[in-house]
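With numbering that gives the first Met the number 0 applied, the sequence shown covers 0 to 169.
To be clear, the hints were calculated from the coordinates, so they are not data collected in a lab.
Every residue, glycine too, gets a C-beta built ideally from N, C-alpha and C.
There may be inaccurate statements among the hints.
To be verified - Ranges between beta-carbon positions, derived for each pair:
#1 Ile77 with Gly156: 42 to 48 Å
#2 Phe27 with Val157: 51 to 57 Å
#3 Ile127 with Ile38: 52 to 58 Å
#4 Ser105 with Val60: 45 to 51 Å
#5 Phe85 with Gln147: 47 to 53 Å
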Amino acid sequence: MSGLSDLLTYQLTSMFQSLFRTDENIMFFWLIALVALLIIEIITLGLTTIWFAAGAFISFVAAWLGAPLGVQLAVFFIVSFVLLIFTRPVVQKRLNNSRVRTNVNSMIGKEGRVIEDIDNFNETGRIIVDGMEWTARAADEQSITSGQKVVIREIQGVKAMVVPMSDISD
Numbered sequence: 000m001s002g003l004s005d006l007l008t009y010q011l012t013s014m015f016q017s018l019f020r021t022d023e024n025i026m027f028f029w030l031i032a033l034v035a036l037l038i039i040e041i042i043t044l045g046l047t048t049i050w051f052a053a054g055a056f057i058s059f060v061a062a063w064l065g066a067p068l069g070v071q072l073a074v075f076f077i078v079s080f081v082l083l084i085f086t087r088p089v090v091q092k093r094l095n096n097s098r099v100r101t102n103v104n105s106m107i108g109k110e111g112r113v114i115e116d117i118d119n120f121n122e123t124g125r126i127i128v129d130g131m132e133w134t135a136r137a138a139d140e141q142s143i144t145s146g147q148k149v150v151i152r153e154i155q156g157v158k159a160m161v162v163p164m165s166d167i168s169d
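Turn these sequences into a full structure, and let the hints steer you where they fit.
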């Protein structure tokens with residue numbers, strides 16, 4: 000079995016070395032990597048592989064200019080990671096500026112008063128928090144009667160998920 004393993008290792012090593020023996024093959028590799036990374040980016044739209052595609056492009060240019068394989072690999076990794084770390088957050092911020100910011104998460108942890116009994120089974124319940132009326136549901140499925148003080152644990156859509164103040168331990 001060892002002989003087969005050694006033969007397979009030798010064949011794969013020979014194939015790899017012959018594939019990258021010429022500068023044209025190395026340039027072809029960088030083009031394939033560039034196209035593959037661009038296709039992955041188009042499919043996922045995650046703004047992750049686009050930076051590696053840029054690194055592959057710069058490495059292609061380095062190969063075209065005659066840089067050795069080690070330099071090309073260093074260029075690929077350095078360019079890719081620098082772009083990923085420093086430009087991705089800026090680009091994501093610009094692309095996400097169309098989101099409407101509601102600041103609804105600022106309601107979490109606020110105290111309110113139940114103005115209509117909260118019953119998840121019957122889908123009833125309203126609270127007043129900072130002068131605003133909210134539809135409310137019990138976060139732990141228990142019923143909460145009108146007049147009780149509650150704390151908002153979560154916002155789900157337009158509903159405040161609450162727990163009674165009496166259930167909160169210090």
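Any hints from earlier that this structure breaks? Give me their numbers in increasing order, please.
none
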